[in-house]
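Q: The sequence shown begins at 63 in the working numbering and counts up by one.
Everything labelled a hint here was simulated from the structure, so no lab data went into it. Since we're looking at a predicted model, the values are computed, not measured. A virtual CB, placed ideally from N, CA and C, is assigned to each residue, including glycine. Be aware that one or more of the hints could be misleading.
To be verified - Mimicking SDA-like on lysine to any residue, the simulated pairs with C-alpha atoms at most 25 angstroms apart in a straight line are:
1) K218 x Q102
2) K186 x R165
3) K105 x G80
4) K144 x T116
5) K157 x D207
What the hints assert, rightly or not - Restraint ranges, calculated between C-beta atoms of paired labels, are given here:
6) G173 x G122: 16 to 24 angstroms
7) A188 x G80: 14 to 22 angstroms
8) M210 x N115: 16 to 24 angstroms
9) S181 x Q102: 20 to 28 angstroms
10) G128 x A197: 33 to 41 angstroms
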Amino acid sequence: MDTAQLLDSDSIIADGDGHEQYLTFMLAGEEYGVDILRVQEIKGWDSATRIPNTPDYVQGVINLRGTIVPIIDLRMRFNLEKLEYGPTTVVVVLKVSSTSKNRTMGIVVDGVSDVYSISADELKSAPEFGDEINAEFVKGLATIDEKMVIMLDIDKLLNSRELNVLDSVASEK
Numbered sequence: 063m064d065t066a067q068l069l070d071s072d073s074i075i076a077d078g079d080g081h082e083q084y085l086t087f088m089l090a091g092e093e094y095g096v097d098i099l100r101v102q103e104i105k106g107w108d109s110a111t112r113i114p115n116t117p118d119y120v121q122g123v124i125n126l127r128g129t130i131v132p133i134i135d136l137r138m139r140f141n142l143e144k145l146e147y148g149p150t151t152v153v154v155v156l157k158v159s160s161t162s163k164n165r166t167m168g169i170v171v172d173g174v175s176d177v178y179s180i181s182a183d184e185l186k187s188a189p190e191f192g193d194e195i196n197a198e199f200v201k202g203l204a205t206i207d208e209k210m211v212i213m214l215d216i217d218k219l220l221n222s223r224e225l226n227v228l229d230s231v232a233s234e235k
């Protein structure tokens, strides 16, 4: 399925029966999902302008039609093996909310997968892993076609303390 089909607005329908739609993408052979209503666009990987003194997983910023958009490599953010970007590598541009403001951020992923409609009943809570592992950004887990898909809470994932430095950097540009 191509990117245009994934985000075709005619296929994104609020069905009113408790189902939400999620755009899923691949990272190191695992499938992850985000609320499709938060997806602004999907674009092929292009270079980003590096910002000094930012965490390694911050690839830099891009200018997206006049908006400075921080780009986060999710593989590096999740401490997964670094992989050279290839033809399927994409940036998913997301609308992220925090208590103080809304912002646009991009995440680099291995490739987009599909769009699934998932009911609240199908979304199971993430298990507790103890104090050593922070899974607060996992919204839940869903089993789709006998595979586990990890649904992410992007507001929590992309609003961590270390990312707040990006706000000050982006406002200076």
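Q: All hints, please: hold or fail.
A: Verification of the hints:
1. K218 x Q102: Roughly 18 angstroms separates the two Cα atoms, so the pair holds.
2. K186 x R165: Not OK: K186 and R165 at ~28 angstroms, beyond 25 angstroms, violated.
3. K105 x G80: violated, 30 angstroms
4. K144 x T116: holds, 17 angstroms
5. K157 x D207: violated, 28 angstroms
6. G173 x G122: 16 to 24 angstroms: holds, 21 angstroms
7. A188 x G80: 14 to 22 angstroms: holds, 20 angstroms
8. M210 x N115: 16 to 24 angstroms: At roughly 37 angstroms between Cβ atoms, N115 and M210 fall outside 16 to 24 angstroms, so the hint is violated.
9. S181 x Q102: 20 to 28 angstroms: holds, 25 angstroms
10. G128 x A197: 33 to 41 angstroms: holds, 36 angstroms
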